[in-house]
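Residue numbers (our numbering): 1 to 981.
Simulated from the structure, these hints should not be mistaken for laboratory data. All the given hints hold, so there is nothing to weed out.
Simulated pairs of lysine to aspartate or glutamate, EDC-like, Cα-Cα distance not exceeding 20 Å:
id : residue 1 : residue 2
1  : 331       : 720
2  : 42        : 262
3  : 136       : 119
4  : 42        : 93
5  : 136       : 295
6  : 771       : 880
7  : 771       : 855
8  : 628       : 823
9  : 136       : 148
10 : 42        : 63
11 : 628       : 612
12 : 771       : 853
13 : 628       : 828
14 : 628       : 533
15 : 331       : 689
16 : 136       : 293
17 : 628       : 542
18 : 136       : 50
19 : 331       : 148
20 : 331       : 383
21 : 136       : 112
22 : 628       : 861
23 : 771       : 748
24 : 771       : 852
25 : 42        : 85
26 : 771       : 810
27 : 628       : 499
28 : 771       : 860
29 : 42        : 112
30 : 771       : 851
31 : 771       : 812
32 : 628       : 821
33 : 771       : 745
34 : 628       : 860
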Amino acid sequence: MVDILGGLPGGKALEASVNRLAATARNGFEVLTQGGLETGAKPSQFTVVERSPMYRLRRYFADRAPAPAVDDRPVILLVPPMMVDANVFDVTENNGAVSVLHRAGLDPWVIDFGAPDREEGGLERNLADHVVAISKAIEQVAVFRGRDVHIGGYSQGGMFCYQVAAYRQSRSIASLVTFGSPVDISAGLPLGAPPALVNKGAEFVADHVFNRFYLPSWMVQRGFEMLNPVKAVRSRLDFVRQLHDRDALLPREDQRRFLEADGWVAYAGPAVADLLKQFVVHNRMLTGGFAIDGDAVSLASITSPVLAFVGLSDQIGRPSAVRGILQAAPKAEVYEAQVSAGHFGLVVGSSAGAVTYPTVTRWINWLEGRGPQPENVVAMQPDDGRDVGVNPLVAGLGGIATVGFVAARDVLDAASGAAAGASAVAREVTRGLPKLARLGQLQAHTQVSLGKLLAEQAAADPHGELFLYEDRVHTKHAVNERIDRVVSGLIQVGVRQGEHVGVLMHTRPSALVAMAALSRLGAVAVLLPPGTDYAAALRLGEAASVLTDPEHAQEAVAVAERVFVVGGGDRRDRPGAARQDLGAELVDLEQVDPDNVRIPRWYRPDAGLGRDLAFVMFSEVGGRLRAKRVTNGRWALSAFGTASAARLSQSDTVYCLTPLSHSSGLMTSLGGALAGGSRIALTRDFDPERFMVEVQRYGVTVVCYTWNLMRAVLDTPGLEIPRYHPVRAFIGSGMSAELSRRVGETFDAQVVEFYASTEGEIVLARVRAGKPGAKGRRLPGSADVALVDYYFDSGRFVEDGDGFLQEVGDGEVGVLIGRADPDATHRDVLLRGVFRPGDAWFSTGHLFRRDEDGDYWLVDDVRTVAVTERGPVYSIPITDVLEQLGQVEQAVVYQVPGDGADGAPRVVAAVTVRDDAELTAGEISDAFAGRHGQYPDAVHVVDEVPLTSWYRPRRGALAAAGMPAPGPTSWRFDPDQQRYR
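Let the sequences and hints guide you as you build the complete structure.
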């Protein structure tokens, strides 16, 4: 037939067409029946060294390995992504990873997770299960070979390598090699959609899809194709066009079959949800603080050398995302090697065989001292942000998918949020400052409390992370269950709704559990500051019982009628019977079995209303202890206001450095974090030397402070602040203007200074950059404020001709007052008939001025301001002037009794001076020139400024020493010369 056709006119062309058609049919039939063309390639030989339900550990070419005693080959363990078959490292006989590395003299191993849908319990695997499995495999290989292991991972397998290196703190890991593995997810989103939209879509899918379903292998493969649908379609068309040419197809046939059929495995739902929540929504590969097997882990712990392969046309592991490792692992030496390939081409195909794996070999040989540094391996530099653009079709599809996710989630949110509670308010508040107006829902009759907010969060996201403490992660569900157990214990010992109970505990999870349990019960937590007069505090707080931790039990027994112990578990050294002689009834609430507690009918969990008293806190004013009463509504207002002003979200980790007994710890740190849905990193005892270590380990994005706490951090000897760190903001109160400037510049972060009155509902916040030292403006939803004039000599407010209080103008000093609810305001601070008959306001007792922009500046307190013969002298502006001198480290202003006939006090400033600096009288004189009476009568240098446990300067200790004598480092103001001498 062919010969006949060849002899006809045009027969050669016809003959070629017939032969092409026959070859196409023959090859097509083979593809349809066999799944592909037979290439004759054989998989590389391997031995399974270890089997477990989670993985199989393969050692390749074990039969060709030298005897263990003489085997000095470097060893590498390769890690595949969860959704890709482990044979990704052995797709082609000549260019596969295991073959190339073995021929180059390395000992290749591969961890094989199998197909989850065919493994017992495989579909229940989460992300941590894989990391822990890889860690065990590293240990097994290291012991087997008697040397550290190089680990290499492709795509998500490389992410696993980073995570396990951090989890192990680089123990037994010689180096990390990753192929197209993203670290900064937000920098290289493959869908081309804005990060905020992708995050919302990812969050919706994690919460509502993968908590019920898994991804079968065919869906994983289709999803991979949809990341670049144009390329997928073109590849299939090219294959069909060349179906007649077997020789042209065979070199790429193994690769094609792997990508289109054999290379994909199912993706377990919990593992996908973990990936989306931790590393897409919260981007914790970059910031740190992700959870592995209950431990808080950060890539900042990695110290092993890193080689990251960057695919120049990779649209999945985009260069900007891959280079995020430079920021995430500041302690590691990080290198990169660029390859002209896409995501899959990095590890499979000609580029992989010719460039990728030979580079890996040279890299390992260099680290092992067996060769020079590879020429194409260079120190990684910060990404310039100029990634190759995403295909418009890809971006469009990604955007549509993302918008669909968001729309679906919003529908569910609307349906489930019809009944607005405290959590609904929190969600709205944290979406932005304009939403703060929704705080109008927090009325006196609103059911809101610390316990209720925790319960709602646990119900909405039971597996969500709430606390990080001593490197462990505590989930919302676990914390909420523990709160209920403590409530049962309190009921068992007779604590009732409305009862006042002292709380004396270190800052730790059990302290918050204790406070939340009292809140859930409806009792009042009387928060005893460490080191204070506990007996006096209990009297002021009207409490006879104390809830304490084991460390404070003995002190509590000395002052309380009954003591309840929480925390510490079986490791505690519980107080002995001898203390019973002191008249205290000691009860270990940890030993109470909740199942044996009869719950009374009066108990309603979290029944507290906004008007109900929730906490009693304490402060010292003029050396005297003063009780401050905080209602549920007042706590909620401060909490939600903080969350809104600091833009706290679920992606934040808030570092609570202040004691929970301090208003900043309770209302700003703890309250703001809970209202924003953020994680809370707790530290038992603040240690400046641990600050950066814990910031990086926990992935801290927001740091809470009080007063001079951050000065202790900045002055830590040898403090190293990495170029890249996760902190974006500092929130708190009491930081001086100069310290605020230093902190903002040192960390390149925003300092959000708050003022929150403990009585009433005033919240001021500086939410915009600039004006260090200012308290900012009133947050919408908080009480209206005004500044009124004050007679310092008589201690009365200035009245106008009609008897109403006189407001002051911009730039003038007045007492800050706020609009009040007369039924909920303590009579000591309540003011009536202030601006019109019958109106109700309350006095904060704090002196402020308002600038022309409307920002408020705290200057002093009416109870401590020095009323001198030249008028009132305000301490905070004097402190600011002195600390702006480059030589001065810290300043504190106080008053001492005067020696004149009128007995007017004298104003003294004590300063500490920086090392190797010298302060002169002339510099002080110049600083206060033209201050119109706002200057100290004396300035002297001290070795240190005494501080409280929350880093507030103790003026009383300095004032007790009296007026400092003149000397080389002590100067007095000469009113005649208008200078210091």
